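Enquirer: These protein sequence lines map, in sequence, to chains A and B.
Taken in order, the first sequence gives residues 0 to 655; the numbers are from numbering that gives the first Met the number 0.
Taken in order, the second sequence gives residues 0 to 655; the numbers are from numbering that gives the first Met the number 0.
Any given hint could turn out to be false.
Quick partial rundown of chain A residues pointing at chain B, CB under 10 Å, derived from the structure [to be verified]:
(1) Ala126
(2) Ala127
(3) Pro131
(4) Tyr134
(5) Val384
(6) Arg385
(7) Asn389
(8) Trp486
(9) Val532
(10) Arg537
(11) Ser574
(12) Asp584
(13) Ala612
(14) Pro653
Calculated directly from the structure, the hints in this document are not laboratory data.
Quantities reported herein were computed from a predicted structural model and do not represent experimental measurements.
The beta-carbon is built from N, C-alpha and C at its ideal position, and this holds for glycine as well.
2 protein chains.
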Amino acid sequence: MSHSNPTLPAPAGPVRPGPTARTALRPAVAARILGGFWHRRREVNAHICIPQGPLLLESAGNLRNLRLAAAGTTGGADPADFRGDYPFMDSDVYKWLEAAAWQLGGSGARADDGLAEEVDRMIALVAAAQEPDGYLNTWFQVTKGGRRYGDLRWGHELYCAGHLIQAAVAHHRSTGGKDLLAVAVRFADHLDAVFGPDKQIDGFDGHPEVETALVELYRETGERRYLDLAGYFVDRRGHGLLGGEAYCQDRVPVRQQANVEGHVVRQLYLLAAAADLAAETGEAELLAACERLWTVMVATKTHITGGLGAHHDEEDFGDPFELPNERAYCETCAAVASIHFSWRMALLTGDARYSDLIERTLFNGFLAGVSLDGERWLYVNPLQVRDGHNDIGGDQSARRTRWFRCACCPPNVMRLLSSLEHYIVSTDDAGLQVHQYATGRYTGDLDGDALVVSVHTDYPWSGTVRLTVEDCPAGRPWTLSLRVPQWSTDHKLTVAGQQSEATVTHAGWLCLERTWSPGDSVTLDLAMAPVPVAADPRVDAVRGCVAIERGPLVYCLEGIDHPGGGLDDIGIDLSEPLTDEHHPDLLDGVVTVTAAGYRHAFPNNGWWPYRAATGTVPGTARPTKPRDSPPTLTAVPYYAWANRQDGAMRVWIPTR
Amino acid sequence: MSHSNPTLPAPAGPVRPGPTARTALRPAVAARILGGFWHRRREVNAHICIPQGPLLLESAGNLRNLRLAAAGTTGGADPADFRGDYPFMDSDVYKWLEAAAWQLGGSGARADDGLAEEVDRMIALVAAAQEPDGYLNTWFQVTKGGRRYGDLRWGHELYCAGHLIQAAVAHHRSTGGKDLLAVAVRFADHLDAVFGPDKQIDGFDGHPEVETALVELYRETGERRYLDLAGYFVDRRGHGLLGGEAYCQDRVPVRQQANVEGHVVRQLYLLAAAADLAAETGEAELLAACERLWTVMVATKTHITGGLGAHHDEEDFGDPFELPNERAYCETCAAVASIHFSWRMALLTGDARYSDLIERTLFNGFLAGVSLDGERWLYVNPLQVRDGHNDIGGDQSARRTRWFRCACCPPNVMRLLSSLEHYIVSTDDAGLQVHQYATGRYTGDLDGDALVVSVHTDYPWSGTVRLTVEDCPAGRPWTLSLRVPQWSTDHKLTVAGQQSEATVTHAGWLCLERTWSPGDSVTLDLAMAPVPVAADPRVDAVRGCVAIERGPLVYCLEGIDHPGGGLDDIGIDLSEPLTDEHHPDLLDGVVTVTAAGYRHAFPNNGWWPYRAATGTVPGTARPTKPRDSPPTLTAVPYYAWANRQDGAMRVWIPTR
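Whole structure, please, built from the sequences with the hints as guidance.
Expert: Quick look at the structure:
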C-alpha cells in the first residue's frame, strides 16, 4: 500500500516499511508503554542496563579499540593493545548505541540523565575511527594492519557494518540525529563500491546482519542502491561461495530451503532480511519461503519458551524435534532474532500467529536472558539445570554472568527492550491492531486521522485488558482488532459496556468494526489459569512430562523452593488441581503456581543404572507410595529463574 | 605379591605390574584368541586396519612431519610444509606403532606380511626426528622453531611422549625390539631432567597419557625414576597450575575428586595412571579414589553401551544422569580409555564388575567405532540418529568416516584390538580367572607351573562356553574362576560331565576349586534371551523407553529395517514377547531380535507443537489404535549399526 500522511508523524521504531512496500499492516505512528509489566522491565533497562553499558564497554576494551583505530588512522597503533578475542568487538558498541537511540526517542527518555551526551560522545568516537573511504572495523584496522575482507567466513566486517548502520537508522529515526547516519552512509557506500557481481568482491559475510540494516537504511534515506545491495547479499548465499556450510547460511539458497538450519542467529537474521526484501519488492517466492521456514521452524525446532537452538556445538538448530532440556542452547540473541523475524512477518502477512510467537518469546525465552535487577545476563537459556550441576563456566554457562567474553547478548536485550513499544500495535487502512497487551497509549493512522487507543492491564498476571478509544475520526467506522493469544481457550469481550459475541474472525484476530467515539471502551477478559502442557510425542526429551503455563508465561521449578530433595527425582501429580497465587514481594511480584508432587523411590541400582524392565518401565506408571511425604511443587515464571540462587531448575516435570 | 618365575614367560600384554606391585590378580603369561567373534574382528584389524595405517598416516601428513623434523635437526625445514591442525599429530603414528607391536607378538602375527619391516622403518623415522637431548614433537620442532613447553595446557608434548613411550614398551615387551625403547628412554630421561618440583618446569601436560606410559616404562626397565615422575605428574594436578580447569583435570586433586568430570578421555587416562600408581606403590588413598570414581562414574555417567561423555562441547562428561541419546558424545577413544582404566582396576582388586564393564564396552560402545569391513570409523557414538538427520559433518559426525582431521580414534581401536587377548584371563596364587569368553588358549602360572585352559564358545551369540584344562600341575588343587556377567540372570554349570551347584561366591566370580587334571572340562551355560532394559528414572532422556539387550549386546533399530515411516514415531509393545533369530549372512553374522511395535498417531499440531495436557500426557499411555498396521520391530546389535546405510537409528524405544 502507498500511504503518505502529512499530519501524523512517521513510525519511529524498527522496521518501517518503505513508501512502496506491500505489507498487510503498518507500524503504529506513535507508541508509549506507560505502566505494568513491561514498563517495569523497561525501567530497569533504562536506569540500570543502558547506563552501565559505556562502563562495561570500556572495561571490556571495546571503546579502547575504537580509540586505537582512531589513532591508527593518523599516527599508528600497537596491535598488542587491542582488547577482546573477536573481530566483532565493535558490534557491542553499535548495539548499545542502537539501544540508547531507541531509548532517547521513546517513552523512557529523560532530558537530565546525560544519555544524549553519552551517545554523542560515542558517535564521535566511532566517526573518528572510520577510515576515509568509509571502512571501519577495529580488529582489522588495529591487529591486521588494515587488511580487509580476507576472511569473510569469520571476519564479521559486514556484520559489524550492519550493526553500525542499524544503530544509525535508530538514532536518526528516533531523534533526528544525523551524525551517525553520515558515518553509516559512508560505510554503506563503501560496501556498495566493493561488493557486487562485477565489483572487487563477489561475496558476503558469514554472519548475516548487514542485509536488514541496508534495507532499513534504504527506508531511512530512500537510496535504492542499499536495497539492491541487501538483495544481492541474500541472493548470493547458498551457492558455496563461503564453503557451502549451513553454519554460514551457505548450503542452500534461502528460497529453496526446506527447514531452518545451521547457526541459529545467522539463520534468523537472514530470514529477517528475506522478509524485509519480500516487503519492499513484493516477491512472492521469497515471501513463501519465509512463511514456510517460519512455520516449520516453530512446528519442529522451537522450545516451549520460544527458545531456539539445540546444540552448543556450532550454535546449531539441531534436527526436528531434537529439543533437549539441560543442553538447550536457546541463545538470548536467538530470541531477539526470532522476534525481529516474526515482527516483519506479522506486518507482511497480518497473521496473528507471528505475534503469538513474539509474545511467548518475549515473556519466556527472551526475558530470562537478563536478571530482574538488570545486573547479570544469560547467554544460553537451558530448560533444566540438574541438582549439583557442574558448570564448566564461560559464556555458555547456565549461571547468570556480569558480562561475557563474547558479549553479543546483553546489548541485544537492551535494544529490544528500548524499542519494545513499537511491537505492540499496528495499523492498516481499516483500523488498528493490538498485538501485545501492555499498559500504554498507542496511535495508528486512518487516512491521515489519528486513531489513539489507551490500554490498561495487569497482564500477564491478569487476563483482563481494558482498551479505551482516546481519539479517532468522527462518524466513520473502523476496525479495532485484538489478538486472541494462541494459549487462550476462553475469553469474554465487553464493548462499550455490552457483552459482545464477537469471535475470532480472521487469522487470530478478534475484529471489532464500529463507528467508534472517543471514550468508548472495550474489555477483553482472557481466562487465565495454570495449565499443564504436553509436547508432540516426537520431542523425545520430554516424554511423559508436562510443563506448566499460565497465560503467556511458562513456569519452572527451582531447587530453592523444593528443599530436602532437589529436582532430579521430582514428579507432578495431575490428579490434583493446579492453583495459583499472587506474591507481590516475590521476584518483583509474580503469580506462583502450586501442584501436588511426589518423589520417585529409586531402585537400589548398585553400580549399574540399567536393569531388566520386569513389570514397569520407569516413566510409565505413577508411583503409588511416595518415598517421603509428597512435596508440594511451587512453580515460578521461567523468566524469573536464577534470580534468588544459582541452583537446580526444570521446566518439564515428569508425570510418572 | 612377589612372584618370579624362571620357567614361564613374563606376561606380554599391556599392564604388567612390577615385581613388587600389590595387585589381587596378575596378567596371564600367554594368551591367544584363536576363533569366534573377536578372532574375526581381530582378523579385520590385522589384515585391513593396521596394514592401511601407514598409507593413511602418509596421506594425512603425519609421516611427512616426522621427515621434516628429521631434516630440521640437520638442515632446517619450512614450517609451511607441516601438515595437520594439531600439535598431537605424532601421537597417531605412535598409536599405530603400538597397535602393530602388539600384533607382531600376538596370535595374529605373520612372518610374511611385511609388518615387522614396516614397523622398523617407522621406528627409524621416529628415531631420526628425535632431538639429541631426547625431545621430539614435530609440531613444535617444525612450526614453532623448536620452542618447547610454552603451552602445556594445549601443547600435548608430554601426551605425545607418552604414546611414544607406550609404543616402545609394547614393541619391547611384545617382540624384544630395543630400538624404539631406546628412543623412549632418551625422551623419558629428558622429561625427568626438565620436569619436577625443583627442576626447570614445575608442571604437567593438559592431556594425561605420559603418566601410564612412564609407569609401564618403569615396569619394562626397572628404572624407579620413571615411576616417581609419573607420581609427580599425577600429584601436581588439581592445584591450578594449568589454570584450574576440569577440562585439563586441574580443578581438584584426583584423591579428593567426588565424581569424574571434565574432558572424558583426559579424566580416564589420568585414572588409569592413578590405578597404575596404586598398584605399584600400594597407596590406599589412591586406590580408594579410583574405586570411588569408577563406581560413581558407572552409576551416574555411563550410557548403556558403556559409552562415556554427554557433551560435544569440551568433550565433557556432563552432569550425573545427563545421558542424551542423539547428542551422546561417547567418543571411541573414551571407550578405549575406560577399558584401560577398568582392566587396571580388575587386576588391582580382583572384582569382576570391572570386567563386566569391559565386556559391555567392548561389545557395544567400543566396537561401534569401527565398521565391519575395517574401512570406516566413528569418532562419536550416538544412541540415536533421527529420521532425516541433518549432519553438519566433520570429525564429530554421526556418519562413518574414512579418517579424521583429528584421527585419535582409529589407531586407538587398532591398539586395543591387537592387544585384546591380554584382557581375557588373569592368574593369581590360587589359580586362573576367565574374565571374557573368547575361543582361544590361555596360560596362567601357579608357582612356576603352567595352568593352560582352552576355551571354545560361540559367544556372544550363544551363552555356552566350554573350557578345557589343557595342562596343570598334578595332584594339587587350584581354583578356576569364571566371571558370571552382570547381565546374566540364570546359568548352569557342568564340571567334568557333572552338573555343579557352584554359585557365585566372591565379587562376581564362580570359583571352582578342584584338583584338576588335563582333559577336565567345564561348561558354563549362560541363559541368553532378548530382554527389555530400563534406566534409572533420573535418566530423563529415556523416560518411558526400553533398550533391548541380549547377552552382552545392546541392540538398536535402524531405519533400513523399518521402511515406510522412519524411527521418530515408533514404539515397542512389550505385551508381545521378544524373539531372536540367527542370520549368518547379515552384518557378518548376527542374531537379530524382533518385537511387536506401533507407530504413534500424532496430533495435528498446526504450527505449535505443544498443547494443554487434557487427558493423557504423551508417553504415559499406550496408543490403542495404531495409525497403520503395527510394524514388527527388527533390532540389530548396536556395534553393527550404519554398516549398510547411513540412516536413522535408535537404541532406546518408547513403550508408550
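Enquirer: Each of the hints needs a verdict: does it hold here or not?
Expert: A quick look at each hint next to the structure:
The closest approach between the C-beta of A:Ala126 and any C-beta of chain B is roughly 40 Å, which is over the 10 Å cut-off, so the hint fails. A least Cβ separation of about 37 Å between A:Ala127 and chain B goes past the 10 Å threshold, and the interface hint is therefore violated. Residue-level restraint check for A:Pro131 is violated (minimum Cβ-Cβ distance to chain B is 35 Å; threshold 10 Å). Hint status for A:Tyr134 relative to chain B: violated, with the closest Cβ pair at about 30 Å, above 10 Å.
Given the 10 Å rule on beta carbons, the hint for A:Val384 holds: about 9 Å separates it from the nearest Cβ of chain B. At its closest, the beta carbon of A:Arg385 sits 4 Å from a beta carbon of chain B; the interface hint therefore holds under the 10 Å criterion. Interface restraint check for A:Asn389: the shortest CB-CB distance to chain B comes to about 6 Å, inside 10 Å, so the restraint holds. Among the interface hints, the one on A:Trp486 holds; its C-beta lies about 9 Å from the nearest C-beta in chain B, closer than the 10 Å criterion.
Interface restraint check for A:Val532: the shortest CB-CB distance to chain B comes to about 5 Å, inside 10 Å, so the restraint holds. Residue-level restraint check for A:Arg537 holds (minimum Cβ-Cβ distance to chain B is 5 Å; threshold 10 Å). For A:Ser574, the suggested interface contact is broken, since its CB lies about 12 Å from the closest CB of chain B, more than 10 Å. Nearest Cβ of chain B to the Cβ of A:Asp584: about 30 Å, over the 10 Å cut. The hint is violated.
With its C-beta approaching chain B no nearer than about 4 Å, A:Ala612 sits inside the 10 Å limit, and its interface hint holds. The closest approach between the C-beta of A:Pro653 and any C-beta of chain B is roughly 6 Å, which is under the 10 Å cut-off, so the hint is satisfied.
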